[in-house]
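Peer 1: Read off the chains here:
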Amino acid sequence: MKNKAVLVLGARSDMARAIALAFAQAGHRIQLAARNADNLSGDRDDIALRHNVDVTIHDFDVLDTPSFDGFIQALPELPHIVICAVGLMGEQEENARDMTAASRVMRSNFEGPALILSEFANRFESRGSGTLVGISSVAGDRGRATNYIYGSSKAGFTAFLSGLRNRLAKKGVHVVTVLPGFVATKMTEGMDLPEKLTAAPEEVATAVRRAVEVKRNVIYTRPIWRLVMFIIRAIPESIFKKLNI
Amino acid sequence: MMLSGWGQFPKHEATEVAPRTEEAIKERVALGKAIPRGNGRAYGDSAVSSTNTINMRHFDRMISFDETTGQLVAETGVLAADIIAAFLPRGWFLSVTPGTKFVTLGGLIAADVHGKNHHVVGGFGNFVDWIDIMGADGQVMRCDRSTNAETFAWTIGGMGLTGVILRAGIRLLRVESGWIRQTTIPTKNLEDTMDAFERSNGATYSVAWIDCLSRGARQGRSLLILGEHAGLADLDNKRAEKPFDTRSKRSLSVPFHLPSVLMNGATVRAFNSLYYWNGCRNAGESLVDWDSYFYPLDAILDWNRIYGKRGFAQFQCVLPLDASRAGMAVLLREVARAGAGSFLAVLKRLGPQDSRISFPMEGYTLALDFPVKPRTLKLMKTLDAITIDHGGRFYLAKDSRMQADTLRLSDDRIDGFTQMRSSNAYNTAFQSEQAKRLKI
Ligand SMILES: Cc1cc2nc3c(=O)[nH]c(=O)nc-3n(C[C@H](O)[C@H](O)[C@H](O)COP(=O)(O)OP(=O)(O)OC[C@H]3O[C@@H](n4cnc5c(N)ncnc54)[C@H](O)[C@@H]3O)c2cc1C
Ligand SMILES: NC(=O)c1ccc[n+]([C@@H]2O[C@H](COP(=O)([O-])OP(=O)(O)OC[C@H]3O[C@@H](n4cnc5c(N)ncnc54)[C@H](OP(=O)(O)O)[C@@H]3O)[C@@H](O)[C@H]2O)c1
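From first to last, the protein sequence lines stand for chains A and B. Quick note: the first sequence uses our numbering, first residue 337, plus one each step. Quick note: the second sequence uses our numbering, first residue 26, plus one each step.
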């Protein structure tokens with residue numbers, strides 16, 4: 337697989353940039369989409385120079401749903417692979433008290449990403465090919481006091497991806513759900529993360545590319561998180577509600 | 026957080042931030058006592074400031090490349106490994122490279138790194154066309170050999186003490202393949218090794234691995250390893266078809282895998298002998314891929330940990346040519362007598378170099394690794410004294426334990442450097458733990 341157009345949504349994130357580089361390395365054309373896309377020109381030139389591929393940049397705001405159709409129309413071509421890395425953690429304290437803040441987190445992690453992928457899903461379905469990748473989170477595997485607004489919106493996104501995959505499986509369109517644990521990015525900067533459970537953005541990128549190439553459905557990065565979340569999900573609610581995690 | 030260099034010694038409780046914008050770097054510089062940090066491959070405390078270490082890892086974009094001149098413009102957090110990955114497939118390699126590819130462009134410039142080709146082409150600085158550097162006032166200045174030439178000259182080899190290099194234009198080297206024609210010459214003793222070096226002055230690359238535990242008549246016996254970039258004509262048909270595709274061949278060309286064992290006298294002796302005899306068996310010509318030729322140690326990730334928690338230190342000096350034979354013999358005798366085996370012992374002929382503050386001078390450089398122990402620290406002090414006696418000097422990128430007066434005794438350029446620093450307010454804006462220790 338080579339020479340396909342790959343669209344990365346939320347391209348300024350460290351994880352997204354690493355993913356774009358990984359696909360460019362494999363010879364794919366890259367479309368970078370983010371808010372204030374202008375200042376992605378450094379990334380565009382860097383990716384193009386390193387891997388000798390075409391790279392374009394596009395303005396994109398996941399909360400501006402009415403703009404989606406125009407955004408897709410304006411792309412140089414309908415991509416073959418779309419990767420959505422958009423996400424917003426916010427502050428749980430604030431999210432718990434302030435409806436506006438909570439709504440923003442819910443819309444940024446669930447509504448927006450789900451709707452934009454829906455738009456591509458429909459187009460991919462009529463074309464009969466393509467791959468959609470959603471970066472969700474292990475935080476969606478079980479709601480916890482410390483981040484359940486973010487977690488529940490990721491849970492919604494994970495369920496959406498699962499349903500989408502089910503719908504498109506017979507239509508030649510593949511859907512990959514990516515469930516990162518901890519990743520060392522801007523989002524987690526300054527947090528004291530356990531080294532063994534924390535992936536570098538490049539690690540996630542390699543795993544995502546591989547998942548697309550071999551058509552995996554759900555991946556955890558690092559893989560150990562599959563086990564960690566299995567255990568966390570297995571704790572009975574009567575005990576779980578008393579835990580500080 | 027605890028921060029150190031590659032040798033994991035000394036460790037300092039230190040503050041480190043990784044800015045994402047020039048504005049953010051400027052804010053850090055304004056706080057004073059800042060030091061830029063690349064990939065932390067300097068052995069000691071060159072890239073550590075206890076209060077203000079500025080990690081450059083987010084400045085890792087390549088900006089442009091000119092196919093006609095071979096000039097690459099890039100931010101200084103870009104790794105040598107990334108430059109090779111991007112440009113070797115297009116027929117370009119680094120003009121000068123150290124023994125690891127996990128160094129940043131900033132580190133290559135700040136240490137004015139010397140490679141196995143120093144005797145022919147000089148240091149990395151020779152291939153730097155220009156730099157953009159942020160000075161004490163947070164202003165960014167374009168410097169080259171004619172504009173802001175003073176800052177340019179002091180920054181090459183200036184160990185981050187003249188500001189934060191943000192971008193640079195460097196020249197790459199045209200190559201026809203990713204292969205190196207390697208010639209291995211076993212030598213009997215130090216005299217023989219140095220004769221062989223002098224005979225090989227025309228070789229593009231040369232370096233000797235010394236078996237530094239052999240004594241007496243065999244003291245200084247080595248494997249002298251020469252190299253040339255292989256042209257298409259040097260390759261068989263299969264390789265010539267894809268001259269830069271060297272990946273699958275790697276296992277063929279690494280003759281010896283370094284053991285990750287506990288470092289003690291016996292294992293080091295065994296290692297050195299094995300390495301030597303293995304080299305003798307493979308003496309003569311062979312075709313080696315670039316990665317195993319230039320970066321044999323990179324194959325063992327984190328090999329610096331095999332020395333254990335206390336870390337290790339490297340001793341690296343250069344002696345002027347006329348004092349090299351006598352001086353190296355004394356140094357090696359001292360190492361053998363102390364029985365403090367060095368796992369890595371490398372001897373290299375350096376060519377002439379005339380620069381403000383860089384390490385190289387025409388002569389021979391010796392590099393030795395030691396686990397940090399009271400005994401080895403004492404030995405290194407003795408080696409310092411021998412070096413000074415022979416008119417030699419020390420490489421700051423490897424130093425982690427020297428004293429301020431030792432440095433001054435060895436290098437009469439240091440006072441000029443500190444003066445230059447204070448007259449530009451660099452001394453308050455930029456300071457590594459090494460600069461503090463050495464009173465630079
Ligand atoms: C296995 C191994 C082999 C080596 N072989 C060689 C060799 O053959 N020849 C040789 O010359 N060296 C050699 N070295 C040393 C190494 O090349 C230098 O220490 C180099 O500077 C390390 O680069 P770095 O990016 O890791 O820099 P760091 O170790 O992070 O920093 C080194 C110095 O560069 C300064 N610096 C880094 N980035 C910037 C910047 N953007 N602006 C200003 N200053 C900056 C720092 O302040 C510091 O003083 C070797 C090191 C190792 C570990
Ligand atoms: N880091 C982790 O530990 C971790 C763990 C699990 C899952 N994740 C998920 O991984 C993905 C990438 O995150 P990251 O770690 O790289 O953090 P990040 O830097 O915060 O990335 C999130 C990206 O989403 C973009 N974004 C937010 N709101 C947007 C909007 N309205 N329109 C367009 N783009 C918007 C941001 O763009 P701007 O640059 O414009 O702000 C940012 O680039 C996210 O979905 C995150 O939830 C991360």
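It cannot be assumed that every hint is accurate.
[To be verified] Quick list of in silico lysine-lysine cross-link-like pairs, DSSO-like style, CA-CA up to 30 Å:
(1) A:506 / A:578
(2) B:213 / B:334
(3) A:338 / A:578
(4) A:522 / B:36
(5) B:267 / B:36
(6) B:51 / B:403
(7) B:267 / B:213
(8) B:334 / B:267
(9) B:36 / A:532
(10) B:263 / B:36
(11) B:398 / B:51
(12) A:340 / B:267
(13) B:58 / B:406
(14) A:338 / B:267
(15) A:578 / A:340
(16) B:263 / A:338
(17) B:51 / B:464
(18) A:532 / B:406
(19) A:522 / B:263
(20) B:58 / A:522
None of these hints come from the bench; they were simulated from the model.
Peer 1: Measure nothing beyond the straight line between the CA atoms of residue 267 of chain B and residue 213 of chain B; if it is 30 Å or shorter, mark the hint as holding.
Peer 2: violated (39 Å)
Peer 1: Do the alpha carbons of residue 340 of chain A and residue 267 of chain B lie within 30 Å of each other, as the hint requires?
Peer 2: Roughly 24 Å between the alpha carbons, so the hint for residue 340 of chain A and residue 267 of chain B holds.
Peer 1: Hint check: residue 522 of chain A vs residue 263 of chain B, CA-CA at most 30 Å. Holds or violated?
Peer 2: Distance ~46 Å between residue 522 of chain A and residue 263 of chain B Cα, so the pair is violated.
Peer 1: Within 30 Å, alpha carbon to alpha carbon, are residue 338 of chain A and residue 267 of chain B?
Peer 2: Given that 30 Å is the threshold and the Cα spacing comes to 19 Å, the pair holds.
Peer 1: Regarding the pair residue 522 of chain A and residue 36 of chain B, is the alpha-carbon distance no greater than 30 Å?
Peer 2: holds (26 Å)
Peer 1: Straight-line Cα separation of residue 36 of chain B and residue 532 of chain A no greater than 30 Å?
Peer 2: holds (22 Å)
Peer 1: Please work out if residue 263 of chain B and residue 36 of chain B have their alpha carbons no farther apart than 30 Å.
Peer 2: violated (50 Å)
Peer 1: Take a quick look at whether residue 506 of chain A and residue 578 of chain A sit within 30 Å of each other, Cα to Cα.
Peer 2: violated (44 Å)
Peer 1: Holds or violated: residue 58 of chain B with residue 406 of chain B, Cα cutoff 30 Å?
Peer 2: Within the cut-off at roughly 28 Å; holds.
Peer 1: Under the criterion that the straight-line Cα-Cα distance not exceed 30 Å, is the pair residue 267 of chain B, residue 36 of chain B satisfied?
Peer 2: violated (46 Å)
Peer 1: Tell me if the straight-line CA distance from residue 51 of chain B to residue 464 of chain B falls inside 30 Å.
Peer 2: holds (25 Å)
Peer 1: For the pair supplied as a hint, residue 398 of chain B and residue 51 of chain B, confirm whether the alpha-carbon distance does not exceed 30 Å.
Peer 2: violated (40 Å)
Checked against the numbered hints given earlier, this structure breaks hints 1, 2, 3, 5, 6, 7, 8, 10, 11, 15, 18, 19; the rest are met.
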